[in-house]
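**Student:** In my numbering, the protein residues as written are 2 to 470.
Don't read these hints as lab results, they were simulated from the structure. A virtual CB, placed ideally from N, CA and C, is assigned to each residue, including glycine. Incorrect hints may appear among the rest.
When the alpha-carbon atoms are kept at most 30 Å apart in a straight line, the in silico DSS-like pairs for lysine-lysine are as follows [claimed, not checked]:
#, residue 1, residue 2
1, Lys280, Lys53
2, Lys136, Lys18
3, Lys280, Lys322
4, Lys17, Lys53
5, Lys423, Lys49
6, Lys144, Lys18
7, Lys312, Lys322
8, Lys322, Lys136
9, Lys280, Lys136
10, Lys312, Lys280
11, Lys136, Lys312
12, Lys49, Lys18
13, Lys18, Lys53
14, Lys17, Lys49
With beta-carbon atoms standing in for the labels, derived distance ranges [to be verified]:
#, residue 1, residue 2, range
15, Arg191, Arg231, 22 to 32 Å
16, Glu244, Asp33, 45 to 55 Å
17, Asp36, Gly277, 40 to 50 Å
18, Thr469, Trp178, 36 to 46 Å
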Amino acid sequence: MSEQSRRPRKPYRRPKKDPVRVLAFDALRAVDERDAYANLVLPPLLRKAREKGDFDTRDAALATELVYGTLRRQGTYDAVLAACVDRPLREVDPPVLDVLSLGVHQLLGTRIPSHAAVSATVELARVVLGDGRAKFVNAVLRKVAQDDLDGWLERVAPPYDEDAEDHLAVVHSHPRWVVSALWDSLGGGRAGIEDLLEADNERPEVTLVARPGRATTEELLREEAAVPGRWSPYAVRLTEGGEPGAVDAVREGRAGVQDEGSQLVALALANATLEGPDKRWLDGCAGPGGKAALLAALAAERGALLVASEKQPHRAGLVAKALDGNPGPYQVITADGTRPPWRAGSFDRVLVDVPCTGLGALRRRPEARWRRRPEDLDGFAPVQRALLTTALESVRVGGVVGYATCSPHLAETRAVVDDVLKQHRDTELIDARPLLADVPALGDGPDVQLWPHLHGTDAMYLALIRRTA
């Protein structure tokens, strides 16, 4: 009998299930398999884990960081993994790639010690992938652990002077075409684009809106770690990642979660000077209802009616829920804004926050940067132009239209406005900047582009247009 055959075998050890990392893996799989959004998938998973008693606050915070951090830095981590795997990443099974990405984020994007990051990820691989593929995960992560993030970026990112856009894409984890589009919108300069891309990779604060007549900022500021908004008089920020669902006013619908850029768009339209009556307002693309709820409350203070129109029935239901309890008159209808059921010239103020690529909200939906393609712009363009055209036909002479989009891409902002106004000579652009008087760095006007790195908001765009004849 050989020495090897006499040696006792190691007893099989069951892998230890780590609820935090298993939940993070489940969330990433849902994002990949079902094209789900992390901000919709993660909360119910966390709620279920808390109900089972598996999670405390620190566990929930770690799971959230693992999911969002992995998604935000996916492009960078893919470049690192490509240098450590002996075949193209597209040939690696997606579940294995998700486990590897979670491991890389722990190694390069958190303060978790390297040995703990590798050990915990290999254990996760044993649970969700099996022992065989766990060995592959172990081998790859040990290669990754040989250097820190800066060291890896020097190795995998092309020099800036040779290919600036590709360098920025790898270092700041954005698709190259998105880097190019954002750079064009900013107007050039390395510092600005790097600040913007980095801001896209930061976790945004939760911002609440106190709906006028229903809640006050004073009430919301009594919440733990709550501070006033930067620009909107109705905004309150939860600076330590507070849970909005724990706020009484939010649960009761008197306040809501709404980015400050979104609030500013609604406020600018509401405060634009009108010629003539101010009794009927329209939100022509009202889902899911944040801007509509703020506009309805502002309209109620003036005795005006808001009509909130939404094409998709389930989104119209969300609008109705957001407006429930509004102190003044309102109406929620399900209608296609490009083929409206109302008569032309029926409204004094009209807002159209049009469907778009969402490139202005990459902080909140980091996976969107990897799903969008340049050709998506061609799909949105006709709808954006049709909605703005209808909005201009829906407002009376002397009334004002607000064209808004959560994208800074020039093809979705100025190009749309310029094209439509060429066909409507009976209009004029209003300088929107004085309506956001306390907000700095608004550009040359008359339209307004907000930025995460300059204003701490989503990259909302707004053009205000008056119908003159």
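**Student:** Now tell me if each hint is right for this structure.
**Tutor:** Hints versus structure:
Taken as a hint, the Lys280 and Lys53 pair is broken in the structure, with Cα atoms around 51 Å apart against an allowance of 30 Å. About 17 Å separates the Cα atoms of Lys136 and Lys18, which keeps this hinted pair within 30 Å; it holds. Under the criterion of a C-alpha separation no larger than 30 Å, the hint pairing Lys280 with Lys322 is consistent with the structure, at around 23 Å. Taking the CA atoms of Lys17 and Lys53, the gap is about 18 Å. The hint holds against a cut of 30 Å.
Our distance criterion of 30 Å between C-alpha atoms is broken by Lys423 and Lys49, whose separation comes to about 53 Å. For the suggested pair Lys144 and Lys18, the alpha carbons sit about 24 Å apart, so the restraint of at most 30 Å is met. Proposed proximity of Lys312 and Lys322 is supported: the alpha carbons are some 16 Å apart, at most 30 Å. Taking the CA atoms of Lys322 and Lys136, the gap is about 50 Å. The hint is violated against a cut of 30 Å.
Under the criterion of a C-alpha separation no larger than 30 Å, the hint pairing Lys280 with Lys136 is inconsistent with the structure, at around 68 Å. In summary, the hint linking Lys312 to Lys280 is supported, as the alpha carbons are separated by about 24 Å, within the 30 Å threshold. For the hint linking Lys136 to Lys312, the alpha-carbon distance of about 51 Å lies beyond 30 Å, and the restraint is violated. Between the alpha carbons of Lys49 and Lys18 the distance comes to roughly 17 Å, so the proposed pair stays at or under 30 Å and holds.
For the proposed pair Lys18 and Lys53, the alpha carbon gap of about 15 Å is at most 30 Å, so the pair holds. With a CA separation close to 20 Å, the supplied pair Lys17 and Lys49 stays within the 30 Å bound. In this structure the hint that Arg191 and Arg231 lie 22 to 32 Å apart at CB holds, the actual value being about 26 Å. Checking the proposed 45 to 55 Å range against Glu244 and Asp33 shows it is violated: the Cβ atoms sit about 26 Å from each other.
With their beta carbons about 46 Å apart, Asp36 and Gly277 fall inside the hinted range of 40 to 50 Å. At roughly 38 Å, the beta carbons of Thr469 and Trp178 sit within the given window of 36 to 46 Å.
When each numbered hint is compared with the structure, violations occur for hints 1, 5, 8, 9, 11, 16.
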